[in-house]
Amino acid sequence: MELRFVDNGVGMGPEQLTKLFEPFFSTKIGGGGTGLGMSIVKNLVVEKLQGRIAVESTLGQGSCFVITLPRVLLGNVG
Numbered sequence: 646m647e648l649r650f651v652d653n654g655v656g657m658g659p660e661q662l663t664k665l666f667e668p669f670f671s672t673k674i675g676g677g678g679t680g681l682g683m684s685i686v687k688n689l690v691v692e693k694l695q696g697r698i699a700v701e702s703t704l705g706q707g708s709c710f711v712i713t714l715p716r717v718l719l720g721n722v723g
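Start counting at 1 in the sequence shown, then tack on 645, and there's your number in the numbering used here.
Note that these hints are calculated values from the structure, not bench results.
It should be emphasised that the depicted structure is a prediction, and the values quoted were computed from it without experimental measurement.
Any given hint could turn out to be false.
[Claimed, not checked] DSS-like mimics (lysine-lysine), calculated; alpha carbons at most 30 Å apart, straight line: (1) 673 with 693; (2) 687 with 673; (3) 693 with 664; (4) 687 with 664.
Modelling step: build the complete structure from the supplied sequences, incorporating the hints.
This is the structure we're talking about:
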């Protein structure tokens, strides 16, 4: 199964994309976020749901996140 999330926001540059899934990475320093959101999402998708997550983004044009999940989970998930 494939889920796509697309926006037409400000997008991200190459430097932001390489750090996007790192814990505590945030572009909003002092803006109230913890920088854990995308790290948690990646952990859930990859480790718990045995899937993949990818992102494409262009500054000024937005981003597209693609989450691919298996139809059947293998082994114990928990």
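Hint check results:
1. 673 with 693: holds (28 Å)
2. 687 with 673: holds (20 Å)
3. 693 with 664: This hinted pair holds, its Cα atoms lying about 21 Å apart.
4. 687 with 664: holds (12 Å)
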